[in-house]
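*Asks:* For reference, the chains in residue letters:
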Amino acid sequence: MESILVLTHGNEASALTKASLEAVAAGMGLASRLGAPLSIGIVAADGSAAASALASAGARLLAVSGAAFAQPRYATDAAACQALCRAARASIVLAPESARFARVMAGVAHRLGGFIDTHITALGGAEHVEVTRWFYRQRVEAVLSRAARPWFLLLDAGTHAAFAGAPGSAQTEQVAVELPAPHTTVTGLRAPQQGAQTIRPDAGLLFVAGAGWTKKQADGQVHTSEAGQIILEFLRGSGASLGSSKSLVDQGSEGQPVLPFLTHLNQVGQTGATPRHPKGLSTCCHGEEPHVVGWRFIGERRAISLDPNCGWTRGKADVVYVADAFQVMTKVNALLAARKA
Amino acid sequence: MSNPLHIVVCAGIVPDPLQTLEPVSGPHGPGLKNEMVLPAVLDPWAASALYEAAHLAAKHPGSKVWLVALGPKAKLQQVMMTVAQKAGFELVPVDGPIGGFPDAHSTAAVLAETISAIAGLDKTRLLLFGGWESASRGAGITLQLIGEILGITDQFQGVDRIDMRADCSFEVLERVEGGMHQESVCAGLPAVLGWATGTLAEPRNNPQTGMSNMRTILPALQKARPVALSGDSLRYVAVSLPRQQRATRVVKDMSPDEIARELVEWMGAE
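These protein sequences, in sequence, are chains R and Y.
Heads up: the first sequence begins at 22 in our numbering, then just goes up one per residue.
Heads up: the second sequence begins at 958 in our numbering, then just goes up one per residue.
If we strip away everything but chain Y, and leave its shape as in the complex, we get:
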């Protein structure tokens, strides 16, 4: 286990899942109403990727984890106050727009450029992590595009587990249809892994880790490179909330026998 890994985790920030979302039109296209004041969290699947990265790095002495995040500086700082206590990493922030509506192609180009510019990053030891999809755009293409731009042709999506061997080859489990996992063996690095849920629980907050991280996070945020995302190719025709509202029948006075009969009849030929 003497092969150090260089793990780059790409992670966006998204509105807290419990928030009510309302789309609005702005000068730069659609967005969410009061988007900048909605409580935000690290994207859930990207968070899984971060925890898996930290776990993997801890098992390989000398490894390093970078967290590359694109979003408004103020929102990134807010989210990092919590995330920094979960795992050790070096933040590479990019000061850009928030939300799911900017084009993933532009996002990928900016992130690939940012990763290429990370000082000390050895691309022959690179594991590029992220969520297989996000809770905002949910396209599942950004990580793949970054991998292509960086020339990485071993890519895995919907990853739930990785077992790294001493020679840096690894076994990987990817989600496929029907609740199954596809098992593969990759001969070595670099590789792209888009994580699903993984196998690790969310780490408890560790104030010491948080304080250690914040020493580098705050200066990094100060120096975050501002970017504008191009969306020339993409045109939104309409953005709306689903309006479907059902007339719910609440049944309070039926016995379990009667309910069971009605359900079986409803299920029909199932």
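Just chain R, with the same shape it has in the complex:
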């Protein structure tokens, strides 16, 4: 008989992350389907707020707490997860595919003699647990299963609804952890660009800027500065997250005009991110299959392009506007500003 452990972690304020709550909901669903006992492990500086949020989950709660777990770090997080897994003795371990857990969970699986699969987008199967994940950067989808246990599964964010039970008082078992001598010190977080936070994972809209923004326009001139202003104004007015094609990000290292707020972290596609947003709007992009890959998990997709025959939009976008993005986005910004006023 299977037993399920969901590993969760807190954010800077020790509250559970959204991705953790999604993993909890997935774990509850799997445990219910298999008739398996469910445990939830919490890694946080102070696990009390997280435990309170999970009071109505109907699960055994285990926690690792202390100052050492306030910040993500391989040695301490791996030791914490290892201790929680040993305490829970679970055959299947679910965890969010967060930067914190993605850094350590394969190591934890190895220490416990287990196996791990990552970027899981769905949990299924009738008699056996089967999981879905993508290969070749979201170009091939596979359903797989494993007989060996413990089996660790990292769930991609946005693939499950988040647990939203009523908070209450909960009994938590504190698990002791033997920590290695400190060797790595986390000194903080750094924003890649001053003043312009353009990546917003929870935004309802992904705005993708393509290389066309920095090319010669109808007047034969390049208007990179104006393009930057239009894009930033749109991001401020809409709350959208900014993605970019590789070619636009790479232009900086090739000595061509660049949008100064773009970095490789904005890049979507074959060598970039594949973010999940309900809607996506691409502008001035030219289409290759790698670019389409970046849009795999976007719900509704629209595009503005001067090329009516652009190959990637056909069959991939819902609507393509054959128009000048400079003109359209300037009008959009004016409408958004008027609506706010």
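Worth flagging that the hints you see were computed from the coordinates, not collected in a lab.
Careful: at least some of the hints might be erroneous.
To be verified - Computed list of lysine-lysine pairs in DSS-like fashion (alpha-carbon distance at most 30 angstroms, straight line):
| id | chain 1 | residue 1 | chain 2 | residue 2 |
| --- | --- | --- | --- | --- |
| 1 | R | 352 | R | 236 |
| 2 | Y | 1209 | R | 300 |
| 3 | Y | 1030 | R | 352 |
Based on the hints, put chain Y in the right spot on chain R.
*Replies:* The following block gives chain Y in isolation, referenced to the frame of chain R:
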């Protein structure tokens, strides 16, 4: 800067991103149609790791870079004809299967064994580099598993920058959620760094570097150890291409004002 570094870069080869991929079933599990004839490249994130390794080694006299690559000998040779011109390294090839479907646990075990057997490698000076994910399996676990097998417990993933100090302690920037970097200071070596894009552009081809590398690459390929990867634990139920095809509405006759109004309405409460 007199502390030489021993940098091992783990890098796989993947189909050129512009190729159309089609999964097929074979006697050893799923694979890609015509996989052996698809043009291949060094995995993009692993390539970033290689360029960063070469850059770092150049700043620390006496340092050495090894490139450990698992794949069919013929494909490795093909890819190395280009890669060898980018940076100086010693190739440690392992003659094994290609593709993203073999189990990462088996791959990690083979690579860890290969790294342990590298002659002259000082593990107290080791920086284990690679891509934080690959463009084939994309699991992001192989490097981590190798690190665990080798007993390295300072690991960093999604690395975009490393600043090495004279005493071999270093500052490192890792990608985290929300477009941020986590900044850490590691007291010393050994360490595992799974690279994201890094900060360096792809180096220009240098024929002299290529000729120098090829003098050792070709003999190494001749002696590449053949391995078979075990996949006993892993069972593929189905492998398929996404079939989603959208009915695209192409709008050619609307003014910018009309398009803007429609877009704002579509965006709704954004």
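*Asks:* Now tell me, hint by hint, if it's right for this structure.
*Replies:* Right, here's what the structure says about each hint:
no. : hint              : in the structure
1   : 352(R) to 236(R)  : holds (20 angstroms)
2   : 1209(Y) to 300(R) : holds (22 angstroms)
3   : 1030(Y) to 352(R) : violated (56 angstroms)
When the structure is compared with the earlier hints, a violation turns up for hint 3 alone.
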